[in-house]
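Asks: Those protein sequence lines, which keep their order, are chains A and B.
Numbering-wise (our numbering), the first sequence opens with residue 10 and increments by one.
Numbering-wise (our numbering), the second sequence opens with residue 10 and increments by one.
No wet-lab data here; the hints were simulated from the structure.
Don't be surprised by glycine CBs; every beta carbon is placed ideally from N, CA and C.
Wrong hints could be hidden among the right ones.
Unchecked claim - Over 10 angstroms on every C-beta distance to chain B, these chain A residues come out as not near it, computed from the model:
#: 1; residue: 58
#: 2; residue: 284
#: 3; residue: 401
What the hints assert, rightly or not - Simulated pairs of lysine-lysine, DSS-like, Cα-Cα distance not exceeding 27 angstroms:
#: 4; chain 1: B; residue 1: 475; chain 2: A; residue 2: 464
#: 5; chain 1: B; residue 1: 475; chain 2: A; residue 2: 307
#: 6; chain 1: A; residue 1: 475; chain 2: A; residue 2: 464
#: 7; chain 1: B; residue 1: 464; chain 2: B; residue 2: 475
#: 8; chain 1: A; residue 1: 307; chain 2: B; residue 2: 307
What the hints assert, rightly or not - Residues from chain A that keep clear of chain B, each with C-beta distances beyond 12 angstroms, as calculated:
#: 9; residue: 50
#: 10; residue: 65
#: 11; residue: 112
#: 12; residue: 132
#: 13; residue: 247
#: 14; residue: 283
#: 15; residue: 404
#: 16; residue: 411
#: 17; residue: 476
#: 18; residue: 486
2 protein chains.
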Amino acid sequence: MTTTDLWDRYRSHLCIVEALDLRVDVSRMHFPAGFMDRMATPMAHAFDAMATLEKGAIANPDEDRMVGHYWLRAPELAPRPALSSAIIETRERIADFARDVHAGTIRPQRADRFEHVLVIGIGGSALGPQFVADALATRDDPMRAHFFDNTDPDGMARVIARLGEALERTLTVVISKSGGTAETRNGMLFARRAYERAGLDFARHAVAITGDGSDLDRTASASGWLERFPMWDWVGGRASVLAAVGLLPAALQGFDVDALLDGAREMDVATRRHEVASNPAALLALMWHHAGDGRGTKDMVVLPYADRLLLFSRYLQQLVMESLGKERDLDGNVVHQGMSVYGNKGSTDQHAYVQQLRDGVNNFFVTFIHVLHDGDGDPLEVEPDVRIGDYLTGFLLGTRAALFDADRESITITVPDVRERSIGALIALYERAVGLYATLVGVNAYDQPGVEAGKRAAGSVLELQKALLDALRADPAPRSAAELARAAGRPDHIEQSWTILEHLAANGRLERSGSGPDGARYRVS
Amino acid sequence: MTTTDLWDRYRSHLCIVEALDLRVDVSRMHFPAGFMDRMATPMAHAFDAMATLEKGAIANPDEDRMVGHYWLRAPELAPRPALSSAIIETRERIADFARDVHAGTIRPQRADRFEHVLVIGIGGSALGPQFVADALATRDDPMRAHFFDNTDPDGMARVIARLGEALERTLTVVISKSGGTAETRNGMLFARRAYERAGLDFARHAVAITGDGSDLDRTASASGWLERFPMWDWVGGRASVLAAVGLLPAALQGFDVDALLDGAREMDVATRRHEVASNPAALLALMWHHAGDGRGTKDMVVLPYADRLLLFSRYLQQLVMESLGKERDLDGNVVHQGMSVYGNKGSTDQHAYVQQLRDGVNNFFVTFIHVLHDGDGDPLEVEPDVRIGDYLTGFLLGTRAALFDADRESITITVPDVRERSIGALIALYERAVGLYATLVGVNAYDQPGVEAGKRAAGSVLELQKALLDALRADPAPRSAAELARAAGRPDHIEQSWTILEHLAANGRLERSGSGPDGARYRVS
């Protein structure tokens with residue numbers, strides 16, 4: 010293909026969302042002639058399914074739930090007035106709360122003003138807020154965000170140590186829909202102890218975002234936390250970044266929440282169009298289908314050329330993989346669907362693995378994200394007529410060309426800047442693309458049945474630990490993992506017992522003599 | 010397989026490196042009976058190739074270079090006394106320099122002591138130092154690390170803004186082997202401007218790590234920078250974390266550099282063993298070969314259950330993908346080898362994409378990393394006999410079991426803690442595994458011929474930009490991208506011209522009227 014042919018292909022397929030100054034270019038995907046026509050009927054079906062979902066149908070059949078994240082930025086579309094009012098009222102309460110916190114009307118126990126926000130959450134309760142915080146933070150924000158997003162006590166201790174005396178000026182936001190997420194509960198207990206050790210009343214520094222009536226909701230209510238905000242069962246965790254989960258931290262950091270929502274709303278308008286050529290989400294969904302043959306055979310490598318978009322791929326890992334990675338289709342057939350996502354940022358990742366992308370195994374397609382605005386700083390010319398940011402554009406175009414020359418496919422998304430409207434637009438673009446693609450391949454994008462098995466198994470590990478500790482206390486003689494598994498009534502779980510015992514011994518909770526799975530003997534100190 | 014059978018399989022294959030208290034478990038990989046025997050001859054060949062490499066042969070034939078990163082922690086193995094002395098002398102100079110900086114003997118222009126280190130580098134000159142910094146940093150370190158790892162002016166401005174007045178207590182380390190890496194040169198110029206604007210002499214705050222005689226070396230020498238440390242042509246960028254590239258930032262942050270090296274040295278001893286069962290690197294290489302059929306058909310998902318190991322997978326992306334992702338094998342046959350790497354940390358990633366791993370497309374194997382020690386903080390019991398860190402172990406074992414039940418493969422590496430020795434050991438483990446695997450599949454692990462094409466193409470984009478700006482200045486009439494491409498003498502590059510013009514317009518360097526690839530007209534302001 011000559012560069013002139015390419016230019017024609019580029020122009021004819023370029024999708025521009027004028028209201029957002031956002032563009033999607035699929036000219037470097039090798040979809041064959043006739044592909045768009047062939048996909049017209051499945052795509053029409055996907056549009057219909059999406060329209061039905063937006064009207065409030067039970068779009069998540071496994072959990073018997075509506076799927077309403079599109080209403081968050083267009084409350085008038087919610088199928089019941091009570092839902093519309095709940096959305097509007099929550100937005101207003103968030104704005105009021107953030108204003109009062111910034112003004113010092115809502116203030117910490119021992120200081121004038123909250124200057125930090127510690128968000129405790131995991132999965133959808135952390136990835137969206139982390140992405141937005143990293144994308145939009147500036148030095149002049151009224152509050153700075155920190156996160157507990159795991160159940161690693163060392164990680165929590167490090168965050169608390171970094172806060173240091175600023176803990177007394179830190180507002181903690183605990184986020185869990187069910188209120189029963191173990192990692193988040195543990196983080197909350199760790200934070201509470203830190204406040205107490207600093208002589209502070211945790212309740213006077215705490216806010217909950219949770220489902221109505223959950224354990225967390227009751228705790229927050231009974232202990233008199235500063236405020237509670239809702240998580241609704243019709244908003245999935247991975248789509249909650251534009252609900253209170255994402256909006257409250259964003260508002261506290263001083264970001265323009267209305268612009269975030271507005272960007273998403275505009276993108277929703279664009280992605281409701283039934284003409285594929287002018288619908289950027291439909292184009293993405295079709296390109297994913299083409300690239301991975303509708304079976305996820307290619308990885309999605311996400312390369313934004315902007316430091317502020319570093320966490321976008323981590324956010325997308327959940328949105329894409331948890332939505333699409335399903336054992337069965339909607340008819341119950343075993344399909345093992347999905348699409349793997351990775352990537353950090355360009356040009357940095359060029360120096361890490363473009364070697365493989367260009368020369369190695371061709372098991373991916375790239376999504377480049379080009380940011381037109383170089384940021385508000387004073388530009389630096391490093392050569393005549395060349396500024397530092399020109400190199401970002403140069404490397405993006407250069408890598409895109411080098412991959413194309415080597416027969417590697419890529420999509421390029423162009424956004425005007427990394428500000429609230431563009432972030433809202435990117436979020437909404439991928440939410441819709443995932444929803445449309447899920448219909449194309451026939452899976453439920455809104456459940457996650459596969460995550461329970463690991464949690465249940467983890468629970469049984471903790472039960473086994475308790476049984477082992479009881480058995481150890483009952484008899485002070487040194488015993489092997491096999492003997493202790495037997496004594497704990499779990500003779501078939503020697504391997505897990507050995508790992509648990511090694512972990513306990515490494516933390517000074519047992520004495521160990523000997524070593525190795527057969528040689529080690531354990532007793533309580 | 011019953012749990013008893015599994016326990017037997019676990020015990021019989023468990024590889025323990027006693028000196029490091031490190032274990033590799035491959036029992037959850039479904040390699041068939043006879044696999045180890047079948048691979049014995051190719052593995053023996055890989056051991057031989059590695060021994061030849063360690064003796065100083067030209068192991069990187071494309072670049073006619075020795076591959077000497079194993080000598081960095083065992084200088085007595087270097088094939089020439091001059092190399093041994095260079096390694097030992099550089100280590101001593103690093104230790105002396107860090108001691109003098111900490112003592113304030115080497116001090117900034119306008120303050121008593123350096124308290125921050127700004128590392129400017131990309132690829133191998135950033136990923137290792139970033140991984141080590143994030144893994145080992147504590148609040149009590151004498152210096153805190155910051156990074157420029159890209160050519161994004163907005164990202165650089167953010168780092169400088171965060172430093173604020175602390176810039177006067179910041180030592181900048183510029184790392185580039187060739188001294189000509191554009192991103193790093195740009196970062197250096199940006200940092201220099203920031204110092205100058207603060208009324209500071211950059212040279213009095215700057216150190217170079219670079220090849221002898223490079224542009225950067227000459228600049229640093231001519232401008233009287235504080236110090237210069239070497240990068241040798243026999244240490245590849247992606248293996249330079251235990252050369253000055255990684256050791257100087259580590260020493261400045263107060264990490265135990267000797268323990269880092271010692272951990273790597275011990276691992277080298279263990280991974281030189283010719284008995285596969287007791288060689289953890291050989292086991293990893295064989296499992297990768299089994300999983301991906303020697304063709305990289307499975308992605309490597311790296312899940313350390315520890316916040317401090319979050320950046321390990323980013324580090325491994327370069328080490329694994331740049332080493333293995335090759336078009337041709339050593340005989341010149343087109344093979345398109347490689348292995349994709351992604352992952353962040355557990356249990357966090359469980360809430361992002363374990364849904365897909367368990368139920369979805371089976372295109373991966375997991376490497377769990379279990380850290381036995383929960384950290385030095387005061388433990389918190391959240392239920393009787395259950396501490397916060399027990400949940401990490403529980404989730405790891407639970408997810409491992411749930412994946413195994415769903416026929417998904419995994420390796421588990423256990424390390425005693427996240428301290429210097431263990432970090433050095435992990436680095437050396439993967440360096441050796443990548444080297445052995447490369448021989449198994451017949452590729453050169455030490456070159457990166459595919460990265461030049463993108464850089465060259467980027468250079469031509471910047472040339473095109475200059476030509477467009479010249480053409481714009483020559484005629485004030487508004488013109489289209491097509492017209493300007495012609496006027497710039499590049500009529501075949503309309504598409505790149507349009508993207509460049511849009512980028513220039515978005516940053517106020519051109520005036521644009523109209524919109525779209527055909528409609529937009531540009532002129533200089």
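Asks: Broken hints, numbered, in rising order?
Replies: Of the numbered hints, 3, 4, 5, 12, 13, 15, 16, 17 do not hold.
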